[in-house]
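For the record, the sequence lines run as chains A and B. Each number in our numbering corresponds to the 1-based position in the first sequence with 226 added. Each number in our numbering corresponds to the 1-based position in the second sequence with 226 added.
Check each hint, because a few of them may be wrong.
Put simply, identical chains are the same to the list, so a pair is met inside one copy or across any two.
Once the Cα atoms are required to be at most 25 angstroms apart in a straight line, the calculated DSS-like pairs of lysine-lysine come out as [stated by the list, open to error]:
1) Lys782 <-> Lys690
2) Lys623 <-> Lys522
3) Lys319 <-> Lys623
4) Lys426 <-> Lys440
5) Lys623 <-> Lys771
6) Lys613 <-> Lys723
7) Lys613 <-> Lys319
8) Lys690 <-> Lys623
The hints are simulated quantities; they were obtained by calculation from the structure and are not laboratory data.
Here is what each chain is made of, one letter per residue.
Number of protein chains: 2
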Amino acid sequence: MPFRLSRYFPILEWGREYRRETLVNDLIAAVIVTIMLIPQSLAYAMLAGLPPQIGLYASILPLIAYAIFGTSRTLAVGPVAILSLMTAAAAGKIAVPGSDAYVQAALILAFMSGAILFALGLLRMGFLANFLSHPVVSGFITASGIIIAASQLKHILGVEAGGHNLFEIVLALARSLPETSLPTLIIGGASLVFLFGSRKFLKPLLLKAGLSEKAATIATRTGPVFAVIVSILAVALLRLDEDGVRILGDVPRNLPDIGLPTFDRDTWMQLAGSAALISLIGFVESVSVAQTLAAKRRQRVSPNQELIGLGAASMAAGVSSGYPVTGGLARSAVNFDAGAETPAAGAFTAIGIALATLYLTPYLFYLPQAVLAATIIVAVLSLVDLKTIWRVWSYSKADFAAMAATILITLLSGVELGVTTGVALSLFLHLYNTSRPHFALVGQVPGTHHFRNVNRHAVVISDKALIIRIDESLYFANARFLEDTVYCVVGNRPDLKHLVLMCPAVNHIDASGLESLEAINHRLKDAGVTLHLTEVKGPVMDRLKRSHFLEELTGKVYLDTYDAMVDLDLDCVRSAFSKDVKTTTPDAIPCPSLALAGLERV
Amino acid sequence: MPFRLSRYFPILEWGREYRRETLVNDLIAAVIVTIMLIPQSLAYAMLAGLPPQIGLYASILPLIAYAIFGTSRTLAVGPVAILSLMTAAAAGKIAVPGSDAYVQAALILAFMSGAILFALGLLRMGFLANFLSHPVVSGFITASGIIIAASQLKHILGVEAGGHNLFEIVLALARSLPETSLPTLIIGGASLVFLFGSRKFLKPLLLKAGLSEKAATIATRTGPVFAVIVSILAVALLRLDEDGVRILGDVPRNLPDIGLPTFDRDTWMQLAGSAALISLIGFVESVSVAQTLAAKRRQRVSPNQELIGLGAASMAAGVSSGYPVTGGLARSAVNFDAGAETPAAGAFTAIGIALATLYLTPYLFYLPQAVLAATIIVAVLSLVDLKTIWRVWSYSKADFAAMAATILITLLSGVELGVTTGVALSLFLHLYNTSRPHFALVGQVPGTHHFRNVNRHAVVISDKALIIRIDESLYFANARFLEDTVYCVVGNRPDLKHLVLMCPAVNHIDASGLESLEAINHRLKDAGVTLHLTEVKGPVMDRLKRSHFLEELTGKVYLDTYDAMVDLDLDCVRSAFSKDVKTTTPDAIPCPSLALAGLERV
């Protein structure tokens with residue numbers, strides 16, 4: 227397609243038609259999202275083991291960057307739970323949480339993952355994200371949700387407890403249970419109850435009270451704000467901080483200073499792998515949210531431009547002392563419901579957060595960490611999706627295997643190993659399945675021109691000819707499997723004259739597949755059997771014409787299998803139209819590979 | 227299938243029907259193969275950097291092991307060029323050629339690679355070898371052939387020259403050219419000329435002389451023996467060894483002592499990767515030879531049992547101070563032509579080699595290394611297959627890329643990195659291709675029930691409905707690509723009412739594909755477009771029935787696309803049968819992914 231500047235700067239598109247009422251709607255949405263984003267930013271920063279202001283900083287410049295480069299009209303970017311966890315895991319490998327090196331690592335991760343996304347976008351390599359299969363991603367998110375929730379319990383109990391995997395975390399919690407701080411537990415427990423309660427019951431109540439669906443949703447989503455205000459008052463008035471309730475404390479009141487993160491080759495190399503994972507996971511999470519929202523208004527998001535938009539956002543976080551960001555589900559939904567029409571809403575939100583950083587933070591001094599932890603727990607538990615696990619199990623055992631591996635390894639040994647194992651396993655299982663494709667020995671349905679699987683239908687076959695339908699593209703991983711199958715069939719039928727390969731479902735044939743066809747043709751010739759192909763697709767035929775296969779082929783290529791039967795003058799065709807047809811039975815297939823026909827794959 | 231002991235001991239099959247004439251034929255073949263195998267064993271041991279007797283030992287017990295477990299009636303196992311090169315590369319990483327540690331490494335490699343094959347066979351995991359695509363294997367063999375030939379030139383020149391890749395080897399040769407030993411060069415050059423000559427001209431001559439085709443072939447193949455005898459006499463009589471002609475020298479006259487190779491965890495771990503590569507390459511090389519020969523007599527080889535047979539052979543080499551072995555092409559062809567009928571011929575060959583080791587080696591004392599080098603060069607240059615490179619290039623650029631990478635990296639940086647890169651690249655390219663499948667926007671061929679690609683045919687389409695044909699199975703790598711395509715199409719057609727997905731070539735749909743279909747269905751619903759499927763395959767339909775998709779589907783599933791058109795009552799169907807049909811043009815497709823339709827993949 228022709229180069230258009232607006233392709234890389236979508237702002238030029240929606241900027242042109244920006245109107246007064248658009249402005250009003252965007253402003254309203256921005257105010258609501260800002261209110262929701264302030265506690266989230268602080269909470270996720272805490273989850274990532276970073277000082278609170280880092281969370282706020284990650285919600286300023288990145289939003290403006292996305293407003294310029296992003297293609298979704300309503301996606302709200304910023305810190306999210308999963309990336310906060312991954313940041314903690316990655317930064318924790320090279321520095322102690324709280325240390326300057328740790329904060330630097332977070333900056334580098336943001337900048338690098340942003341740069342990776344940006345580069346992938348320019349190279350239009352968004353497809354790489356596709357290698358994260360859905361079961362792997364959803365398993366990963368579920369497992370992460372569980373780990374995050376568990377890791378936050380220590381704040382609810384007001385105790386010290388570490389641990390890198392679920393096992394360690396639970397153990398540490400159990401050990402430190404005796405030190406539980408009662409006032410903290412009361413505040414944390416209360417906010418948990420309130421937040422879960424408001425999710426479950428507030429919305430119906432508000433609806434009864436006559437609020438519109440949207441208004442009710444928004445009010446419910448901003449529930450955390452009430453918890454925040456109430457708890458701050460409680461702690462401030464009762465000076466609970468002196469009774470061991472950990473509070474947010476001082477948050478620097480200045481805006482982030484802009485500058486590239488310190489470059490140190492070793493550190494960057496150590497973090498490169500983690501940055502790549504963060505970028506892919508962030509992209510996958512965000513793009514599906516963006517597409518869901520866009521579809522509702524028949525808008526479109528361009529995945530490759532989304533890479534650029536999200537890349538710009540994370541790079542912006544990297545140069546403005548933030549940490550990796552991406553589009554968040556809850557927050558985007560609120561933005562959408564609140565009536566945001568353009569990415570400008572995001573820019574306004576950024577301004578809101580900036581103002582909050584400058585003037586609001588003093589009032590957050592007494593905010594108990596337990597409340598932030600509660601908001602995180604409530605948020606991530608909605609990520610835990612056990613229904614999908616069950617659905618995948620019942621739909622496909624192979625997908626379930628990849629999913630289960632991802633979940634278990636993520637829970638027991640960490641996010642990075644978990645997701646990489648899942649991806650590797652799903653790739654392997656896919657290749658394994660296509661390496662043992664579905665072949666069917668087919669026969670003619672009596673009195674028709676149709677040819678069907680002898681295992682599934684009563685059909686007539688000829689002793690002189692066998693017809694095998696190949697239900698897979700032929701490529702290196704299954705080429706030899708086809709050869710084995712053919713030799714097996716032929717080896718068992720001394721009276722065989724013709725072998726017909728039905729190729730309606732062969733979408734491509736690579737060089738190894740061609741090699742196998744040539745070998746089959748050659749060896750069948752030695753064995754006195756003629757090879758024919760039927761129903762070969764156009765693109766596949768075009769390719770075969772570029773090789774010598776068609777010249778060497780002992781038989782012919784037929785458009786239609788019935789024509790082949792007629793041309794080869796086989797009894798079955800005639801007999802098929804007579805009354806007394808002898809149909810075959812599955813026992814007629816001796817080869818393991820053909821016995822596979824109709825069976826479910828691993 | 228039921229368990230049969232003879233499945234794991236094919237000897238029980240052919241042993242039963244063993245007759246007198248079979249014995250005679252096997253003995254004749256054994257004698258011929260033995261004569262051919264003696265110089266080969268010595269030469270390949272030299273190539274592997276091992277003492278000559280190791281080559282002979284590798285041609286005794288392994289042959290007997292294969293005779294018991296192997297399924298090919300005519301495969302002749304023993305040392306081969308490629309595995310000798312790989313052994314040298316692997317052992318050279320942990321020890322100095324000639325040292326005891328080096329020999330031990332070779333033993334360990336043989337035992338480990340054998341154990342790996344044996345285990346794969348028991349687990350019936352022969353399919354793993356399929357991940358070595360044909361272009362990668364043939365590129366690897368070509369490159370190895372070139373390296374081997376180059377590495378042997380030093381023996382022809384009678385100079386010292388090392389080097390681990392082609393570049394180093396050529397450089398070292400150039401440097402040491404001045405030290406060339408003239409008598410060595412004369413002997414080496416003469417044998418090269420004789421061996422090449424006998425390959426090219428001897429056979430036609432013998433045929434003219436009235437020999438049978440088979441006899442001529444065999445006589446030609448045993449040509450090296452004449453070179454050996456003549457050169458031994460020359461050196462012995464003229465005492466050329468005193469003029470710097472390197473000779474074989476003393477070869478221990480005892481049989482190998484049996485025993486497990488010394489176990490040392492670190493060494494085994496270091497060699498594990500190389501052993502795995504050796505086992506796979508050896509298996510791939512051997513099984514294709516076995517299948518080619520078996521097919522000629524309508525016999526069969528069972529790939530999984532072959533793993534066990536070759537595994538047993540290499541393990542036998544490991545416990546009888548040999549080194550990795552597999553089925554050799556030339557040697558098996560001779561065995562076949564010489565009339566071998568059962569693996570017993572292999573066992574007789576083993577006896578022949580044992581006798582040679584005991585009584586013949588003294589007469590080989592004066593055998594010049596240059597002659598052995600010449601036999602290697604002549605043998606491996608027949609492995610260099612430039613024609614295939616050209617054929618792959620013209621057939622598929624993706625396959626060519628994998629092949630070229632394998633060749634270049636093998637030549638310039640070594641066999642192991644070469645083959646692994648090739649495999650990784652071919653896997654990636656395959657996934658990449660299937661991740662951007664061929665979608666076609668189809669319309670109705672006027673006056674027919676057929677629906678064809680709008681890019682290739684003049685067809686009628688409706689404004690109310692779009693039909694997309696999916697030419698690929700739906701799995702995680704292309705699921706999102708389908709979504710993008712659909713949203714793109716819909717996003718550009720506000721007046722759209724129906725979207726029809728034609729699935730005749732969709733062989734399976736994994737959980738991610740299902741997820742995408744559900745997302746498409748859901749989002750199109752929001753956009754007021756109904757989703758329909760047509761021509762869904764039986765196995766795919768069975769699977770979909772296990773999910774909730776069919777209940778949630780806004781439209782229907784039709785067996786036939788035309789029925790769908792009629793049922794949806796679309797103008798195109800009616801107009802298609804009227805005279806004035808307005809056919810569409812490719813410009814009607816705005817989506818990059820659909821523009822791909824009909825174009826060749828990368």
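Verification of the hints:
| no. | hint | verdict |
| --- | --- | --- |
| 1 | Lys782 <-> Lys690 | within (16 angstroms within a copy, 41 angstroms between copies) |
| 2 | Lys623 <-> Lys522 | neither (33 angstroms within a copy, 41 angstroms between copies) |
| 3 | Lys319 <-> Lys623 | neither (34 angstroms within a copy, 42 angstroms between copies) |
| 4 | Lys426 <-> Lys440 | within (16 angstroms within a copy, 87 angstroms between copies) |
| 5 | Lys623 <-> Lys771 | between (39 angstroms within a copy, 15 angstroms between copies) |
| 6 | Lys613 <-> Lys723 | neither (54 angstroms within a copy, 32 angstroms between copies) |
| 7 | Lys613 <-> Lys319 | neither (33 angstroms within a copy, 52 angstroms between copies) |
| 8 | Lys690 <-> Lys623 | neither (39 angstroms within a copy, 39 angstroms between copies) |
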